[in-house]
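Asker: So the chains spell out like this:
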Amino acid sequence: MLTYFVLAPIVIAVFLYLFSSNKTNRIIAIVMQAIITGFALYLLLQTRQQGEILTFVGNYQGLLGVVLKADMMAASFVLLTALLFLVVAIYSLHEENSKLFWLLMFIWEGLLIGIFLSRDFFNVFVLAEVATVVVAVLIMYDKGRRNMFDGLVFLMANTVAIQFYLFGIGYVYMLTGVLDMQAATDILATLPRENLILPYALMMTAIAFKAAVIPMYSWLPKVQGIPRAPDAVAALLSGLHVKSAIFLFIRFQDVFAPVASTDLFLVIGLITAIVGVVMAVSQVDIKLLLAYSSTAQIGLIIAGLSIDDPYSHAGSLYHMISHALYKVALFLIAGVLSGMYGTRDMRKIKGIFKKDKFIGIAIVLALLGITGAPLFNGNVSKYFIMSGADYVVNSLMILINLGTILVAIKFGAMLFGTPDESYVGKKTDKSSDVAIYALCLMCFAGGIFGEELMDFLFNAPFQMSFYGFIEKIIILSASWVVGLVVYKYVFADNKNQAFFGRIRAIDLNFRGICVSIGAFFVVALAVVGFLS
Amino acid sequence: MRMMEIIPIIVFFMGMFGLMFSKNIIKSVACLVLMEMAVIVFILGLSYRAGVLPPIGRGLQYNLDGIADPLPQALMITAIIIGLAVTAIDFTMIIHLVRKHKSTDWNEVKALSRESFDKC
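First to last, the protein sequences are chains U and Z. According to this note's numbering, the first sequence is numbered sequentially starting from 1. According to this note's numbering, the second sequence is numbered sequentially starting from 1001.
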């Protein structure tokens, strides 16, 4: 059954490609997406009942063949993937994209679902590598829109990282003789610890690169900031593509349980989050602001997953979903705004409330989600991440959330003021509004029914305590006050703009990215091999 | 550590050093291919190890001693094809960049492509 989830989007893609791409076809695409989403929901319900669904591809029982596995976590992410592609398909209903766009988007969906469902090391390699190629073509397929250079850096850097993964697969195969993750977990647990250090460091380097953590985060903003790349692609890159790497991170931490280092990734996650917010608040480009803010949230998720506590773990999983929802919403809003004002410079976009109340309210909803305001999904997930953390980590996370609030204030500042002559008017398409509002309402629903949803998606029946909730609201209000003061006296001040310009100019070239991959590998090897 | 393990590791990190220090785009691609080849040689080297039986063919009446494990070969065929496709896409982009900017230097091409972008 699970094979169809991988194959269906690809088959649909080919059929839509063969018949010409007019508006009817885009409507068919949306209907197909809705059907896939329905089946994904059915899969999740089935997994809740049965615990785990296995499909043996080619009917080779045992470890000979390739196994697809849907557990609760995988089924939830399949549902998220289908849902986000549905929303993006609705958003792009009126865009005159070429046929290739829809072909690649659907293939991308199939590949991502494959990564979530696969239980085979080598399959993950193939799917991840092909997904990289698909994204590389998606961001520059159109001759009028091409920006080859950033695409080339993206593709080559990802290929370098995936070689580390392939080397790791070789070691795992040498040690265990299997490529199945479940069997490898059992066999690796019986082996001496020092044998696992090198494969663990190799594989984690690749996964950490794909998850865009420090110091290898720079490819993600680079790709998302590519001028005139389709909005949907930038949105799904931080909404889903990076999440697939974090998903693999969770899986591989289990596979390499005897050597898995949580301290290393706790520190790396926190540093990533801090660097992410500092970079984000310095940006003036609306998409780069959101891209660096994604880096910050990824750091938070990685840190939460590395805290040894079931609450933090479940909170991080839920934060992956929350972050996907509001970040895709904000990226799509950014796409609409840059169309409305003809620029992506946040200093020139002013007075959204005066021009378009509808989109203004959507921005407010999504920003409340990202800052973790009560009744919104960010609140639930951040509450659970922080509830398992100790004092030092907790204080750092409050600081990171203060940074996120600063990002939100900077984004929200565009709502006010008077629009200048750069305003060119809005395209009249209702479908993008529908998509954005659907996501914002999901953020809201994810906050109100947060505990129920966490139980439904991840089988994590945790409750928020009332006093903890009140404490949270007090900290959050204090953070908002501090954030507003800091924004007024530091960020709005013209004297400091040169400093932020210097932060914006920080940029790794291709060689720098390779050095950072090598450095991460050496650090991971040293920490796992000698320090723990 | 066996020879089949040490040599690929050395070649792999030679490729990595090349990527860190080469200023030329073509050389970078060559180093990337070198890394790929090191991994492929390493995994192909896993095919035969003394005392390890291949996972298939046990029902046949052949003596399986000295028979190589076919799985790494099958995997590496896939990896080679993917590597070929990616290298081809890399070169497609590089040819485009070189025709446009008349340079194969990372820094020069970066500066020129930023410049040409600012114009449009």
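Hints were generated in silico from the structure; no laboratory data involved. Since this is a predicted model, take the numbers as computed values, not measurements. Even glycine gets a Cβ: it sits at the ideal position worked out from N, Cα and C. Be aware that one or more of the hints could be misleading.
Stated by the list, open to error - In silico DMTMM-like pairs for lysine to aspartate or glutamate, Cα to Cα no more than 20 Å straight-line:
1) U:LYS222 with Z:ASP1069
2) U:LYS350 with U:ASP285
3) U:LYS222 with U:ASP507
4) U:LYS23 with U:ASP429
5) Z:LYS1110 with U:ASP507
6) Z:LYS1023 with U:ASP507
7) U:LYS354 with U:ASP433
8) U:LYS355 with U:ASP420
9) U:LYS348 with U:ASP429
What the hints assert, rightly or not - Pairwise CB distance ranges, derived in the manner of DEER restraints:
10) U:LEU100 with Z:ILE1095: 17 to 25 Å
11) Z:GLN1073 with U:ARG48: 36 to 44 Å
12) Z:ILE1077 with U:LEU100: 24 to 32 Å
13) U:GLU452 with Z:ILE1009: 49 to 57 Å
Asker: So, against the hints stated earlier in the document, which numbers end up violated here?
Answerer: 1, 9
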